[in-house]
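Chains as they are written, first to last, in UniProt numbering: chain A, 1 to 324; chain B, 1 to 327.
Don't read these hints as lab results, they were simulated from the structure.
This structure is a prediction, so every number in the text was calculated from the model and none was measured.
Be careful, since some hints might not be right.
To be verified - Now the in silico label distances, taken between C-beta atoms and shown as ranges:
#, chain 1, residue 1, chain 2, residue 2, range
1, B, Ala326, A, Gln4, 53 to 59 Å
2, A, Thr152, B, Gly87, 24 to 30 Å
3, B, Glu8, A, Ser161, 51 to 57 Å
4, A, Asn270, B, Ser272, 38 to 44 Å
Backbone N, C-alpha and C define an ideal beta-carbon position, used for all residues, glycine too.
Listed below are the residues making up each chain.
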Amino acid sequence: MSEQQLLRDKHIDYIASLDTKKDDLEYWLSEHLRLNGVYWGLTALYLLDSIETFNKEDVIQFVLSCWDHKTGGFAAFPRHDGHLLTTLSGLQILATYNALERLGSEKQEQLEKFILSNQKADGSFQGDSFGEVDTRFVYTALSCLSILHKLTKEVVEPAVSYILRCYNFDGGFGLNPEAESHAAQAFTCIAALAIVGKLDSLTPAQQENIAVWLSERQVPEGGLNGRPSKLPDVCYSWWVLSTLSILQKADWIDFPKLTEFILHCQDPKNGGISDRPDNEVDVFHTVFGLGGLSIMKYPGLRDIDPVYCMPYTVTKYFQRKYSD
Amino acid sequence: MHGVTRREWTKELLRKKREKERQEILDYRELSDEVLELKNKRVANKDSLLKTTQLLNINPEFNTIWNYRREIIKLLAPSLDQTFWDGELAFTMDKLKVRPKVYWIWNHRVWCLEHYPNSPLKIWLKELAIVGKLLEMDARNFHGWHYRRYIVSTVERLSGNCLNSQEFEYTTAKINQNISNFSAWFQRTNIIEHMLARDQIADKESFIDDEFQYIKNAMFTDAEDQSVWTYLIWFIKESALKEHMTSEKYSSMLKELTEIIELINDDDISFSGKDNIWCLKTLLVIEFIQKDILKEDIKSKSREYLDKLIIIDPLRKNRYLYQIRAL
């Protein structure tokens with residue numbers, strides 16, 4: 001097997017090509033993921049040190065066009081409904097461009113109201129008024145509030161206690177209390193605790209148990225899976241490695257083997273990264289593959305904050321602590 | 001895209017694909033535009049409902065359209081009969097069969113059950129049978145297991161009957177079908193904790209003995225499978241069951257386990273020439289309990305296990321080195 005290299009230029013070309021695929025049905029069928037997709041693309045470009053590939057003003061205009069005045073949040077696409085997931089993507093893009101002020105104070109207040117309105121009595125969050133509850137939304141809510149400098153004790157403390165209820169004996173976290181451990185939920189729970197400076201609400205033994213469970217995600221092929229006895233998938237390179245990095249145990253993963261796995265998932269012809277070798281690439285796996293490589297200090301990639309999956313130069317301005 | 005094989009698109013193939021999709025794109029965009037416009041005008045009638053059906057048939061992942069559909073149904077509810085709701089449940093089932101991992105569809109189905117006229121117990125019981133079928137198709141589907149817990153809790157609330165023993169038997173059946181089904185083992189831990197919390201295990205001693213026997217059988221069936229080992233570690237270290245054992249019994253159980261695991265490991269060595277990774281990892285946990293919790297004066301082999309693990313499980317070498325430093 002020949003030594004694989006990161007196909008930097010091809011990945012940039014691939015990301016640049018995403019908005020030119022309007023002749024493909026898939027482009028239209030994925031509108032409900034568009035704002036998330038723009039965040040993934042922009043962050044991938046940042047990692048590749050090529051952020052100028054996107055036209056900043058066009059992207060900001062697109063984000064603002066996704067504003068849903070009925071909910072007071074961002075939707076995935078103009079005329080769609082606002083949701084916490086897409087609200088975070090919108091804020092991440094604006095923050096990355098240092099353009100949060102483009103929102104104006106009125107929208108910032110509406111955003112705060114929208115986010116807070118989705119917190120339930122037990123501290124959990126629903127994604128929108130339709131009631132789906134998931135630890136993903138605790139993370140998105142706390143990350144949004146941190147970006148907007150709106151974290152308060154009243155929001156954070158119940159959220160933290162909810163997260164702790166989702167911790168499982170095996171060292172993982174579920175999407176709800178009693179739900180099976182899943183690596184993406186380990187990220188949302190640990191990173192949410194890290195945002196609000198509450199990692200110490202887990203005992204050192206629990207933190208070690210979490211790191212042990214995460215290290216078990218690496219399979220002989222070198223990639224990481226999301227749950228026991230599942231296939232490896234590039235996106236877990238981010239969910240698992242970023243979480244271990246927050247716990248200062250990233251080296252519990254074999255870096256050369258994981259690097260090789262991610263590089264094998266590149267499309268050598270058109271760029272982009274897929275979930276597993278020889279599968280169809282997409283921007284989601286591209287950014288999380290690159291993010292994983294960045295945590296492993298792959299040469300030529302920029303550093304990224306494992307808590308926010310955003311540049312450190314941006315996240316250093318976010319609110320990390322809240323006043324009592 | 002998850003699990004989609006990469007295709008080589010020659011110019012000719014691409015041209016054909018685009019030719020085929022040209023009309024589909026036009027139709028889809030026209031329909032999508034029309035439905036979003038109806039939504040904007042808050043049009044709620046049978047026609048707008050039908051339009052959402054058409055759009056969701058093409059794109060079942062379009063969450064905004066599911067939202068709009070619910071708004072329409074809420075407004076039309078007084079004129080909708082049971083046949084409509086049965087049809088709505090059938091519609092979501094069709095979509096779930098195509099996209100079993102799409103959160104929005106599961107969410108819509110829950111909403112239907114909750115808004116079904118009077119939401120009677122019998123539809124939830126029927127749903128429990130349906131989720132059983134879904135878990136037969138994909139025994140690890142995590143939405144399915146999550147959904148099952150939700151259905152069970154609703155059935156319990158509506159019927160006033162606790163389903164713990166039935167659900168405990170369900171996990172036994174799922175594990176017996178496939179010993180590697182960690183989702184079932186995991187659910188078993190939830191149910192046992194519930195049964196203990198509600199004091200539903202009359203003879204705890206024989207329950208513990210039976211469960212221990214069940215685990216031992218599983219270990220001998222497949223010593224390579226991490227599900228059993230993870231469950232075993234829960235059983236001896238984390239579960240509330242151990243509070244119902246005398247320290248003598250707990251201690252002798254750990255000793256017996258050590259002997260069994262060493263036996264399984266020796267078998268593996270003579271068969272493959274290598275130690276069994278999970279045997280060593282579990283022996284480490286047992287030693288930890290013996291030393292740190294039971295304060296027993298044992299001759300520790302932890303260092304030896306960790307040294308071996310570094311060689312036979314090199315992916316996790318740094319973790320084992322960390323654990324050696326912590327000894």
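Status of the hints after comparison with the structure:
In this structure the supplied range 53 to 59 Å is violated for Ala326 of chain B paired with Gln4 of chain A, their Cβ-Cβ distance being about 35 Å. Under the hint 24 to 30 Å, the C-beta atoms of Thr152 of chain A and Gly87 of chain B, about 46 Å apart, miss the expected range. With their beta carbons about 52 Å apart, Glu8 of chain B and Ser161 of chain A fall inside the hinted range of 51 to 57 Å. Remark: the range hint 38 to 44 Å for Asn270 of chain A to Ser272 of chain B is upheld by a beta-carbon distance near 42 Å.
In summary, the structure is inconsistent with hints 1 and 2 from the numbered list given earlier, while agreeing with the others.
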